[in-house]
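For reference, the chains in residue letters:
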Amino acid sequence: MTMDGTDARGAVICVGVLDNDPYALKMLESMIVRLDPSFAIAWVTELGAVAISRCLSPAKRPDVLVTDMSLRDVPGTEVCRAIRTKTPRVGLVGITSYALDAFRDEAARCGAQALVGKTDLAGLALAIRGAAAGLASGTAFMDAVDAHVLLEDAALAAGGTGARTGVGALSAKERETLRRYADGETTKEIAAAMGVGVPTVATFERRALAKLGARSRAHAISICVRRHEF
Amino acid sequence: MRRAAERRGSAWARRLRSADEEAGNAWLFMAYTLTALACATETVAKLGVAGGLSFADALCAFAFVGLLSFAAFRPVSGAAAALVWWMALCVAPVGLPSGMMLGALLAVGVLGYAHRGVGAIAAAAAVLVWACSRGGLDVGALLFGQGGSSTSAYDTATPSEPPEPSQPLEPSPEPSPQPGGHTILGAVTLNGVVPVLALFAGFLIGGVAARWGHERDRLESGLRLRRQRERAARDIHDYVSNDLAYVILRLDRDIADGRTVGADELRGLRAAAAKALGHTHEVIALIERGDGDEAADGDERMPGNRPAGMGEALRRQCEPWESRLRTLGFEGQTIIVEQPGAEIGGETRELLDGLLGELYANIGRHADPAGGYVLTVRLSPSGVDVALADTASARSPDALSSGTGLARYRTRIERMGGSMRVNGGEPNGGTGGEWSLAVTIPTA
Numbered sequence: 001m002t003m004d005g006t007d008a009r010g011a012v013i014c015v016g017v018l019d020n021d022p023y024a025l026k027m028l029e030s031m032i033v034r035l036d037p038s039f040a041i042a043w044v045t046e047l048g049a050v051a052i053s054r055c056l057s058p059a060k061r062p063d064v065l066v067t068d069m070s071l072r073d074v075p076g077t078e079v080c081r082a083i084r085t086k087t088p089r090v091g092l093v094g095i096t097s098y099a100l101d102a103f104r105d106e107a108a109r110c111g112a113q114a115l116v117g118k119t120d121l122a123g124l125a126l127a128i129r130g131a132a133a134g135l136a137s138g139t140a141f142m143d144a145v146d147a148h149v150l151l152e153d154a155a156l157a158a159g160g161t162g163a164r165t166g167v168g169a170l171s172a173k174e175r176e177t178l179r180r181y182a183d184g185e186t187t188k189e190i191a192a193a194m195g196v197g198v199p200t201v202a203t204f205e206r207r208a209l210a211k212l213g214a215r216s217r218a219h220a221i222s223i224c225v226r227r228h229e230f
Numbered sequence: 231m232r233r234a235a236e237r238r239g240s241a242w243a244r245r246l247r248s249a250d251e252e253a254g255n256a257w258l259f260m261a262y263t264l265t266a267l268a269c270a271t272e273t274v275a276k277l278g279v280a281g282g283l284s285f286a287d288a289l290c291a292f293a294f295v296g297l298l299s300f301a302a303f304r305p306v307s308g309a310a311a312a313l314v315w316w317m318a319l320c321v322a323p324v325g326l327p328s329g330m331m332l333g334a335l336l337a338v339g340v341l342g343y344a345h346r347g348v349g350a351i352a353a354a355a356a357v358l359v360w361a362c363s364r365g366g367l368d369v370g371a372l373l374f375g376q377g378g379s380s381t382s383a384y385d386t387a388t389p390s391e392p393p394e395p396s397q398p399l400e401p402s403p404e405p406s407p408q409p410g411g412h413t414i415l416g417a418v419t420l421n422g423v424v425p426v427l428a429l430f431a432g433f434l435i436g437g438v439a440a441r442w443g444h445e446r447d448r449l450e451s452g453l454r455l456r457r458q459r460e461r462a463a464r465d466i467h468d469y470v471s472n473d474l475a476y477v478i479l480r481l482d483r484d485i486a487d488g489r490t491v492g493a494d495e496l497r498g499l500r501a502a503a504a505k506a507l508g509h510t511h512e513v514i515a516l517i518e519r520g521d522g523d524e525a526a527d528g529d530e531r532m533p534g535n536r537p538a539g540m541g542e543a544l545r546r547q548c549e550p551w552e553s554r555l556r557t558l559g560f561e562g563q564t565i566i567v568e569q570p571g572a573e574i575g576g577e578t579r580e581l582l583d584g585l586l587g588e589l590y591a592n593i594g595r596h597a598d599p600a601g602g603y604v605l606t607v608r609l610s611p612s613g614v615d616v617a618l619a620d621t622a623s624a625r626s627p628d629a630l631s632s633g634t635g636l637a638r639y640r641t642r643i644e645r646m647g648g649s650m651r652v653n654g655g656e657p658n659g660g661t662g663g664e665w666s667l668a669v670t671i672p673t674a
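Those sequence lines, one after another, are chains P and C.
The numbering used here numbers the first residue of the first sequence as 1 and each following residue consecutively.
The numbering used here numbers the first residue of the second sequence as 231 and each following residue consecutively.
One chain only, chain C, in its complex shape:
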């Protein structure tokens, strides 16, 4: 029994703790501290003055100040404690510095931020307690109908105001027993229950609204983060993993050859590894830079983006990939044809860029060097056609690929209204291991 209670207790403490961490921020810290300071100042100023606070009153008020200071560090638990203490003091026959109501209002706002329901209950309780004890509301009148003694009194400034329709808890407002109303810090005078009610409701709504705004911000930044992460994953896949797969394949070949590795080979491997490192740095920079604008980044990844001479630019771009495959023992062909009037948009260009890199890397990973490869690209006014034929390797080193590369491109291509068809690929299947791919990307 006790253990269960302890567990429940610790669960509550944990929830409070996490609520504290969620709500804590510099502005709230400042607000609490200022309120505590105002209360303390007012208490000290009124101490011993005729009609002011007694020593016992001041002690109670300083306890409240202490709770507010605690709340500056633990916003939610401090707010709850301060509010409970304030309500207790309201009921108790002690004099209170007027600034304490500010602290109570702040506490209600914070509780509203932490939990809407708890905040609303706290606000209702605070108003009710205050109204019954200090606000001059007669509970007897509330419970047993009108005609209580308190209606005989005052309220010179404000005529009776209509009750808040949204707050059925609240009876028709009763005037304040004190002539001149409740004055906070000597600056704001409140007459009757309604302004107090409105203040509490306002702080509550403010807290809830702040929470709502924060939630929205968090959702937005979460979305941004996810996009950025997807992009980073894509870049890591497109560049880094392809580079590394190439290095591994070359090492495999060297091991299989069994001869001593020459300086040229080492230099080639070093260059490939250095490129992988460079790409890793680029991806890290991208992740660190956060949501850098994608368009600028896209441009910088594809030099020579002029519509004219794009076939030539593409050919130049394919050369390093081809020579990579040559070093892996692939005798292949790349045929790039640019038709007059071919115009490729930036997005298509970027897609094509990545797709070609992916295809070349796939050849290295999955194709049999003896079977060679044929890659054709045609740029025409109606769009881009890419086709690839190679022979699937009997030993397909699956460790070098997670198999998500082409699927990702298929999704992107289909989103742009294009298509990707893949045929064959079984080393011992009916096609004799022939693997072919046909991609069509229409002009947007």
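Only chain P is shown next, with the shape it has when bound in the complex:
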């Protein structure tokens, strides 16, 4: 697992905060710096578009983005997805004053590392610390790198389907996974080589099988060979 360097232990964790409500924003800002001496506010903003733009900018990228899920201009989940599709280097922590269940699955799918209630300060501190290291908090969520690979790959596949043959088209990662299996690598070796977790490799394989209409890994590989996919 690649981790974003020095801030993981002891060093300052820069946090960006996104909330439409300027008062909530002020409160979050003052609360977060009090949670842990290593937390520092990099910036706050009321606009989802600005938060995405800053998280993708190498100069302004924070270690963790804390975002409200119920934004006015764009849903928090879409903010997470937009960032996570492009980069694994920002930890994403969703906060909400609604029931967590309402957003949890969607937030996980969109690449967030945690979702906590707005009043759960201890949980927030833990989630920020974990997300700064790219680690998920809670079983529903994925680590930042895995989530990024999945979303990026899905985005590429979605962008490519129009140009290529449609449903049966494999994404680059799916094809690479099958090719490595065909070369005799184990799942662990593939995960290490691709820089993702074992469950992510399993996801690639599952999606590839579904796309090819294959009944097993061997079936999928033989289809790929016939189609000259490798």
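Everything labelled a hint here was simulated from the structure, so no lab data went into it.
Where a beta carbon is used, it is the ideal one built from N, C-alpha and C, also for glycine.
There's no promise every hint is true.
[As the list claims (entries may be wrong)] Stretch by stretch, here's where chain C covers chain P in the computed footprint (C-beta under 8 Å, at least three residues):
#, region
1, 54 to 60
2, 73 to 84
[To be verified] What follows is a list of derived Cβ distance ranges for each label pair:
#, chain 1, residue 1, chain 2, residue 2, range
3, P, E29, C, A463, 51 to 57 Å
4, P, A158, C, R459, 54 to 60 Å
5, P, E29, C, G575, 34 to 40 Å
6, P, P58, C, S612, 47 to 53 Å
7, P, A24, C, E542, 55 to 61 Å
8, P, I41, C, G452, 56 to 62 Å
9, C, D484, P, E29, 44 to 50 Å
10, P, K26, C, E542, 45 to 51 Å
Given the coordinates of chain P, assemble chain C onto it according to the supplied hints.
Just chain C, lined up with the frame of chain P:
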């Protein structure tokens, strides 16, 4: 001295000339010509007949006909000349064809059209002259009180009528000296001064009213023209100037890259230029078509205006803009979210349409490709939210923009009860060149 007089004279001529041009129209031409024809016919018919016109009378009358014909081409100056000639003939001891009064009436109407004051003075003068010379009004009686000789006479048909209260100039009407009154063209008989006065006043009012109506029409058409021009300016800005700016930016990039331009690039540039040309034609068509109804035009500019699936339609609409920016080297994102129950009216839709085009074009013109851009649109039951974040370019090619695009949209959005906030934009400012915009348009 002489030069000043000449200058004054030429100024008058110019004013007359412009008054002629203003007043001239086909109907007036016809009226003058018909009146002249009637006068000429009557003169010829009465020439040499016992109790008719002498040769000298006829010459004077034909001069009047000539002036009326001149007036057909130069309505105002001709009217003035004809009226003066008519008044002179009234005073002179000559016989006049009755149709000449029609010409005088017409002249008063035209003068009233050209200038209200001049018309009123001309009408008053004409009535006074006629009343004193032909109408049997005794000036002596007017000046020195009643008891003049003329009251002894006639007027069999009409009892004395009350004077017009609005015309203090006019004394109590005196009866006509001729039994049977003044007959015009053998058709209309006028008894006394009052009917003549009423006729002149009527023509004067008619002229002034026609002027008033024309002025109003002109104001209205001016307003229509201005609206149309504003719309054309907007369309030129929204479409043509954005297209051209894009072409220029791409050429700039090609020049900066310094490599040989491939066929694909040329084709892309050609397509963009062709689109600009097509939009130019559309705008020209719009200008030529004049005040085509705006609603129909608005509909045709936004296909897929169904409330359902509007997010999808918007996404499709944004795709070409995004790919344009990609060719300029922008790695950006457009996030469009449609909430259930979102309903957008036609006006909002058109506004959103134009605004998005403007924003994309602004990104191309003012933003730094390395900084990318993020554009979000949320359609919800309460309205539309649009937000944009990008990084202002250090070299902002101001030549590509007049800077009025967003200001115009701000005005329109605020008129609809919405708001537009813009932050940052200084390349070396505290925000690191970050530029952001947030627009809210509430549902009407």
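### Message
Hint by hint, where does the structure go against what was stated? Just the numbers, ascending.
### Response
3, 4, 6, 7, 10
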